[in-house]
Amino acid sequence: MRPFDFYAARDSSDAVALLAKHGPSVKVIAGGTDLLADLKFAPASHHPKVVVDISRADDLRGIRETDAGLRIGSLVTHTEIMESPIIRDLFPALVDAAHTIGAVQTRNLGTLGGNLVTAVPSVDSGPTLVALDAVVTIAGPDGRRQLPLAEFFVGPRKTALKPAELLVEITIPKENVGKPTHFLKFGLRKGQALALVNVAASFWVDWDSETFLNPRIALGAVAPKVIRAESAEKFLAGEEITTDAMAEAGRLASGDAKPISDMRASAQYRRDLIAVLTKRALEGAYELAQKKRKQS
Amino acid sequence: MATDTKTKTTALVDAEQLLRVPSAAPLVPFPVDVQVPDAARQTPAVGQRATRPDCRLHGLGQTKYIDDMYLPGMLFAKIKRAGVASARIISVDTSEAEMTPGVMAVVTGKDIPCNSFGPSLKDQPVLADERVFYAGDGVAAVAAVTEQIAADAIEKIKVEYEELTPVLDPLESLKLETPGVHAPSANIYGHKIIKKGDIEKGFAASDHIFEASFRTQMVEHVPLEPHSSLAQWDANGRLTVHSTLGRITLGRADIARTLGIPMSRIRVVATVVGGNFGGKNEITTEPVIALLSKKTGRPVKCTFTRPEEFYASTTRHPLIMDYKTGVTKDGKILARKIRLVLDGGAYCSWSETTLGKACILSAGPYQIDNLVAEAFVVYTNKTMTGAMRGFGAPQVCFAYESHMDDMAKALNIDPLEFRLKNVLSEGSLSPTSQTLHSVVVRESLLQAAQRFGWKPKTAPEAEGAFA
Amino acid sequence: MKRRGRGIACMWYPIGFTVAANPSAAVVKINEDGTATLLTGTVETGQGSLTILAQIVAQELGIATEDVHVVSADTDATPMDTGAIASRTTYVTGNAARLAAEKARLMMFDVAAPMLNVKPDQLEARDHRIYVKGYPQRNLHVGDVANHARMVMGQPPIGSGYFNPATVALDPETGQGKPFATYVYATQIAEVDVDDETGDVDVLRIVASHDCGTAINPMLVEGQVEGGISMGVGFALQEEILFDAKGRQMNPNLTNYIMPTSLDMPEIEVDIVDNYDPTGPFGAKGVGEPTCVSTAAAILNAIHDAVGVRIHSLPATAEKVHAAIKAKQAAEQKQLSAS
Amino acid sequence: MVTVSMNVNGEKRTASVAPETTLLKLLRESFNLTGAKLGCDVGDCGACTVIVDGKLVNSCLMLAPQAEGREVLTIEGLATQDRLHPIQKVFEDKGSLQCGFCGPGVIMSAKALLDQNPNPSVQEIRDGLAGNLCRCTGYSKMIEAIQTIARERTA
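In order, the protein sequences belong to chains Y, E, P and A. Position 142 of the first sequence, counting from 1, maps to 142 under the numbering used here, and the rest follow consecutively. Throughout, the numbering used here is defined as the position within the second sequence, counted from one, plus 1000. Throughout, the numbering used here is defined as the position within the third sequence, counted from one, plus 2000. Throughout, the numbering used here is defined as the position within the fourth sequence, counted from one, plus 3000.
A couple of the hints might just be wrong.
[To be verified] Simulated restraints, written as ranges between beta carbons of each label pair: (1) Asp-1322(E) - Asp-2171(P): 46 to 56 Å; (2) Pro-2114(P) - Ser-1433(E): 30 to 40 Å; (3) Val-177(Y) - Pro-3118(A): 32 to 42 Å; (4) Arg-2(Y) - Glu-2267(P): 23 to 33 Å; (5) Arg-2004(P) - Ile-260(Y): 27 to 37 Å; (6) Ala-2330(P) - Lys-291(Y): 48 to 58 Å; (7) Glu-2032(P) - Arg-2(Y): 39 to 49 Å; (8) Gln-3081(A) - Arg-2(Y): 37 to 47 Å; (9) Pro-163(Y) - Asp-2202(P): 38 to 48 Å; (10) Pro-156(Y) - Arg-2004(P): 53 to 63 Å; (11) Ala-1186(E) - Ser-231(Y): 35 to 45 Å; (12) Glu-230(Y) - Asp-1093(E): 30 to 40 Å; (13) Ala-1204(E) - Ala-2330(P): 36 to 46 Å.
[What the hints assert, rightly or not] Here are the computed lysine-lysine pairs in the DSBU-like style, where the Cα-Cα straight-line distance is at most 30 Å: (14) Lys-2178(P) - Lys-1332(E); (15) Lys-2178(P) - Lys-2119(P); (16) Lys-3012(A) - Lys-1337(E); (17) Lys-2328(P) - Lys-1324(E); (18) Lys-2029(P) - Lys-1122(E); (19) Lys-1295(E) - Lys-40(Y); (20) Lys-2320(P) - Lys-190(Y); (21) Lys-40(Y) - Lys-3055(A); (22) Lys-1158(E) - Lys-49(Y); (23) Lys-2103(P) - Lys-1457(E); (24) Lys-40(Y) - Lys-1409(E); (25) Lys-1329(E) - Lys-2328(P); (26) Lys-1158(E) - Lys-2002(P); (27) Lys-2103(P) - Lys-258(Y); (28) Lys-190(Y) - Lys-2119(P); (29) Lys-2246(P) - Lys-1175(E); (30) Lys-2320(P) - Lys-294(Y); (31) Lys-1337(E) - Lys-2103(P); (32) Lys-1158(E) - Lys-40(Y); (33) Lys-1455(E) - Lys-2320(P); (34) Lys-258(Y) - Lys-2029(P).
Bear in mind the hints are in silico, worked out from the structure with no lab data behind them. Since the structure is predicted, the reported quantities are computational estimates derived from the model, not experimental observations. Using N, Cα and C, we set each Cβ at its ideal position, and we do this for glycine too.
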C-alpha cells in the first residue's frame, strides 16, 4: 500500500474532528475489509493522505432497543449481528443477510456501517434494512442528522455522506420492530459469494382478512442502488395472502428492477431471479409470521 | 496508538526498550513428544497410510516457501505488464523509474541475452522487446528496496505502443486469411491426427449416427501460493535461484539459455511448492531477477500478486470439440469422428503435449475400431495456455461422456450399461493401436456404481433395454 | 423446486509424456545404521510424492518409511528429473528410485552373503533384516550389514538408477504408435440437486473409483482424488477466465474468479480399484491428474438427468442451466399447443 | 513511522513500522512469523488468517496500528515447545494438508470454530472454513480431521 498517515479516533466526535481536520483526502477505516482491499489495487489518484481509524470508537458499538426502535451502532460487526439475541429474535432476516457476507474472518472484521457506506449496488446489509424503513444517523461537524437508509444510498458507491461526516447508527423504527421479514441472496457460489440479486420482503399480516399489511420489497444488485419494488408493494397492499399473489408480486418486482448485464450475469437472468426470489422471500416472511403467531 | 502526546511518549520509551529485547518464543517449537505415526514405522512400507513429514511443518507454519525467505539486503522486484493484447513496442522509457529513490535497477526486454524460451517452440520472450503478444506480457522490471517502491516505479515506466487488432477467437485464428499472431509463423502451430480402421465403413454399418459439439472455457490453476523466485550471485559468478518451479532440471536449462551462462554456474533450489497443478512448470521471472541481482549485487525476490497469477502464468486450454458417433441399435459403437480446436493463447508452452493427449484420449476409454481424431492448436492474443492437471483430458471427457449419455438416452439404454458395452478391456487396442494392459475401466464403473447404489431407471421402456 | 439427478462418467489417462523422453534418475545411499537417503530431482508440490518415494525405497530395502530421508529439488545435489508433471512421479521417478535402491540392496547382499555363508542371490530384505531365503532364523540386521560394509569392507552401499517410460513414436500420417507406457482408469458418479426456477446446481455427493495400480499410500491417493474433484467441480460449474473485447482479463482475482469454497464441495467417497501394473514400482502407476478428469462430465450428466437439459459449454453456470430449462419449457409449451 | 506494541502468542512484541503496514506484513517482516501467508492480500483466500482478541480475522485486512495493544495469536503460537496442538496433530495423522500453503490459516479457522462450537456439524465446519480457499484437498480431510477432534473432545 502507498503511504498514508494514521489517526485513531477515541469516539465518534473525535473521528468527526479528525475527518474535518485532515480532509478532504481522508478515509475512514473500521473493519478494513472493503477499504484495504480497495486501496491495495486502486490507482494512486484514489489514495488518501490520511486514514482515520474508528475501530476503537466504542460509542459506535452496541445493539439495543430504544424509544425510537432498534438501534444498531455502525461499528457492530456482521458476526455480532448474527450472535445478537435481540436480532435473532426480532429480525432473523438480518442474521441471514449478515451470514451471507464473506466468511467468518471478514464477518468478524466487517461492520454494518462499513458495509452500508460502500453503497455498492449489491450491498448485502441494504435490502433488509431498507425493507424495514431503517433510518441512519449521521454525525458531522454541524451535529447530527437523520435520513432514511433508502435515501442514504445515492448511487453506485455514492452515499449522502458529506465531507467529514460519519455514519454512526442505524435505527429500525419502533413500528417495524418484529415485522416478519425474509432475506434471500443469490450468488455465484455458496461460500464468500457476491450477490447477483438480493431480495428482502417484509410485511405485517392482517390476520382477520389474511391480507398483506404495509408490504415492503427491497432489491439489491439490480439497480444503481438498493431499491424498493414499488409496483409490487402497491399490488400486495391489502391483497389476500396467496401463492398466486406472491408470484404476481415477483413478476411486478422483476419489472421494477433496472438490472444491468455484467460479467457475473445478464440483466434478463437477474430479472428472472428477482421474480423467483421475491416470491420465495414473501413465502419466507409469511412462514415466519405464522410461526410468530403460533408462539404468541 | 494513542493520539495524545503524553501516552505516546511513555509508550515510545517502553517500546524502544522492548525493541532491543529479542523474542523469547522458540523460533522452532520442538514437539518432542510427538511420536512418528505407526504407519510410517511399519514394514512392508508399500500400502501403508504413512503420514507426511512435511505435513507437520505445514501445520506448524514452519514450512519455508520462497516468499517466506527474507535475505539481508534483499530487493523486491515488480514487472511492468503490457496491458494491451497485441502491439508493437515503439519505445520504453525507464528514466523516471530509475531516478525514483529506492529503485536500484531496471531491466527491459533488450537486456535479456537470449530473449526466448519455451518447452517445445521457443516462442515466448522473457520480457517483450519488440512485440506484445498478450496483455500479461512483461515489458520491464524494477528492483527496489521495498515492494511498494517497486510497484510505484513500474507505474512511471512509459511504454509507447502501436496497438494492433488482437486475434481473440480460436476459430477465427484457424482461418488462413486471419493475420498471424506470430507472423510470419502460421496461427496453427500444432496438428495431430489419429486414424484407425475404416471410418466410412463404420458409419455405414451404424444404425444411428449422433453428432454434438462442445466447448470449454479457460481456467486458472489457482495454486494458493503465487509464483515466487529469489536470485543471488556469489563472487565466483555462481547464481543461486530459489524458485517455485515444479521442474528444476529444465528450469535451470532455461535460465542458463536465456542468460547465456553455463548450467554449472547455476543452482536452482525448489523448496516445497505451494500448489502446482501444471502452472509452475515453466520459468517466469527467474532470468529477470537474476539480471536485477547481477546489476545490484543484492538478492532479489519477485512474488506474483494474485492478479499476476491469473494473467501472467499459464492456463487451461479452451477446447472446441465436434463429435460424430455411429452406433448399432443395441448400443455398440462402430465409428467415431472427432475434431478438436485448442485455443493456445499467446505462446506454445505445453500445447504440444496437451494437443497429443487431448487427441489420443478424445475417443474415451472405449473400444472403437473405426476412428478419426484430428486436433489443431492455434495462437490467439490471450493469456497463454499450458500444462494443467489433465492436459486436455477434462475437456474431452466432458465432451465424450456428455455425448455418451445423450446416445444412451436416445437408444433407451441405461448409461452404465451403455458404457459397459463399449469399454476397453485387457488387451484392447487403443486409438493408436497400442495393446493396453492392466485395464480396469469396467471394474471402476462397477465399483463406483455399487458404492453409489446405481440402479437402472425403471422407466417402462428402459427396462427391456437393461435386461 | 429442487430436482435430483445422477450422472456417471468414466475416463482413461496416460502416465508420463506423449512419446517424448521424460526420464528420472535417483540415488539411494544406505547409512551405517541401516537407514537410507534418497536423492531425487523431483519437487514436492503438495501431492506427497516424497513420501511415496520414501515408501518405495523403504520397500525395496526392507525398511520402514520413516527410515528413508528424502533430499530433493536442488540442482547442486540431486540428479536429473523431468519434474512434477504428467502424473509421472510415482511411476517414473518411483521406478528410478526403486532401481537405485535395488542396486544399493544388491551391494548389501554382496556384503551380507559371506557373513551368512550363502550366495547373494539366496538373500532377501524385509522387516529391517537381511534373511537367508527359506531359513528365517539365519538373518542379520540391515544396520549391522551396512555398518560392516562401510567400516570393515570399505564399500559404502550407494546405488543409482534411472527410468524412462517405454514409448514408440506416432506415425505422423495415422497417429499409430505407443505414445505412453501405461494408463489409468476411473469412474466418478455425481448426485446433484438442480433448482428448476433459478438453475442453481448443488452437487451433493461424488463417488469416485480410481485405478492407480498399487496404491503405495492409500491416504495420499484419497487426498489426490478429493482435491482433483474440487478442481473438477470448479471446472464444471463456476470457474472461467473472462476477457473483454480488447483481450484483457476481466476477473483476475479470487473475488470474481469463482473457485469452490468448503461450502461448495460435495461429500466425496473414494474407492481405489484393485490393480497391479507389472511395469510400475511395486505395481504402481499414478493418480495426480486423472482425479479431475471425469468430475465435470459426471456433474453435467447429473444435471441432464435432473432437469433434462444438455449444457454444451462449460462452465454450467446457474444462468446457463436456467436459460436451458426455460428454452426447454418454451419448446414443450409450443409442442403442447401445436398438438 | 509509528511504534506498535501488541501481545503476540503470549509475548509482548513491539516494532516501528509505516502506518500503512498491514498486520500480516508486520507479523511476517518485523516479527519473523511467516506462518501466516500472503495469498491474495484482499481477504479472499484466508491464507493470512490469525486470531486477534479471540476473533478470527484476515491479517491482510487489518492495519498494524489497529492491532495496537491487542492479543494476536498466530499459527506459531499453537504448539508448545514440546507438544503439537491437537488440531495440528490430527491434521498430520489424517493427511489433511497437501501443499500446506493454506494450512496455517485453515488450522486457525479450525481452532476458532472449535473454541466456539466444540461439536460442530459438517455444515458448520464447512461454514467455518469457507473463508479459507484450498486448491489441493477438496477440504475433505480437513473436515474429517475437525470432526475427529470434536469427537475426541466431546467423548
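For each hint, the structure was consulted:
The hinted range of 46 to 56 Å is not satisfied by Asp-1322(E) and Asp-2171(P), whose Cβ atoms lie roughly 23 Å apart. The supplied range of 30 to 40 Å is broken by Pro-2114(P) and Ser-1433(E), whose beta-carbon atoms lie about 52 Å from each other. A hinted range of 32 to 42 Å holds for the C-beta pair Val-177(Y) and Pro-3118(A), which are about 34 Å apart. The given range of 23 to 33 Å is broken by Arg-2(Y) and Glu-2267(P), whose C-beta atoms sit roughly 46 Å from each other.
Checking the proposed 27 to 37 Å range against Arg-2004(P) and Ile-260(Y) shows it holds: the Cβ atoms sit about 34 Å from each other. For Ala-2330(P) and Lys-291(Y), the hinted distance range of 48 to 58 Å is not satisfied, since their beta carbons lie about 38 Å from each other. A hinted range of 39 to 49 Å is violated for the C-beta pair Glu-2032(P) and Arg-2(Y), which are about 58 Å apart. At about 40 Å, the beta-carbon gap between Gln-3081(A) and Arg-2(Y) stays in the expected band of 37 to 47 Å.
Here the CB-CB span from Pro-163(Y) to Asp-2202(P) is close to 47 Å, well matched to the stated 38 to 48 Å. Taking the beta carbon of each, Pro-156(Y) and Arg-2004(P) are about 39 Å apart, not inside 53 to 63 Å as hinted. Taken as a hint, the range 35 to 45 Å is violated for the pair Ala-1186(E) and Ser-231(Y), whose Cβ atoms sit roughly 58 Å apart. Glu-230(Y) and Asp-1093(E) have their C-beta atoms about 56 Å apart, which leaves the hinted 30 to 40 Å range violated.
In this structure the supplied range 36 to 46 Å holds for Ala-1204(E) paired with Ala-2330(P), their Cβ-Cβ distance being about 37 Å. Only pairs whose Cα atoms come within 30 Å are accepted, and Lys-2178(P) paired with Lys-1332(E) is accepted, the gap being roughly 25 Å. Proximity of Lys-2178(P) to Lys-2119(P) is assessed by CA-CA distance (about 40 Å); at most 30 Å being required, the pair is judged violated. For the hint linking Lys-3012(A) to Lys-1337(E), the alpha-carbon distance of about 70 Å lies beyond 30 Å, and the restraint is violated.
Under the criterion of a C-alpha separation no larger than 30 Å, the hint pairing Lys-2328(P) with Lys-1324(E) is consistent with the structure, at around 24 Å. Between Lys-2029(P) and Lys-1122(E) the alpha-carbon distance is near 38 Å, which puts this suggested pair outside the 30 Å criterion. Straight-line distance between C-alpha atoms of Lys-1295(E) and Lys-40(Y) comes to about 29 Å, which keeps the hinted pair within the 30 Å bound. Annotation: proposed proximity of Lys-2320(P) to Lys-190(Y) holds, straight-line Cα distance about 17 Å (limit 30 Å).
With a C-alpha separation of about 23 Å, the suggested pairing of Lys-40(Y) with Lys-3055(A) holds against the 30 Å cut-off. Under the criterion of a C-alpha separation no larger than 30 Å, the hint pairing Lys-1158(E) with Lys-49(Y) is consistent with the structure, at around 25 Å. The hinted pair formed by Lys-2103(P) and Lys-1457(E) fails the criterion: a straight-line CA distance of about 56 Å is larger than 30 Å. With a C-alpha separation of about 52 Å, the suggested pair Lys-40(Y) and Lys-1409(E) falls outside the 30 Å cut-off, and the hint is violated.
Proposed proximity of Lys-1329(E) and Lys-2328(P) is supported: the alpha carbons are some 27 Å apart, at most 30 Å. The hinted pair formed by Lys-1158(E) and Lys-2002(P) fails the criterion: a straight-line CA distance of about 55 Å is larger than 30 Å. Distance check on the hinted pair: Lys-2103(P) and Lys-258(Y) sit about 74 Å apart at the alpha-carbon level, beyond 30 Å; violated. For the suggested pair Lys-190(Y) and Lys-2119(P), the alpha carbons sit about 66 Å apart, so the restraint of at most 30 Å is broken.
For the hint linking Lys-2246(P) to Lys-1175(E), the alpha-carbon distance of about 20 Å falls within 30 Å, and the restraint holds. The straight-line distance between the Cα atoms of Lys-2320(P) and Lys-294(Y) is roughly 41 Å, outside the 30 Å bound, and the hint therefore fails. Restraint check for Lys-1337(E) and Lys-2103(P): not satisfied, since their Cα atoms lie roughly 48 Å apart, outside the 30 Å limit. For the given pair, Lys-1158(E) sits about 22 Å from Lys-40(Y) by alpha-carbon distance, which is consistent with the 30 Å threshold.
Note on Lys-1455(E) and Lys-2320(P): the hinted pairing holds, with a Cα-Cα distance of about 29 Å set against a maximum of 30 Å. Only pairs whose Cα atoms come within 30 Å are accepted, and Lys-258(Y) paired with Lys-2029(P) is rejected, the gap being roughly 71 Å.
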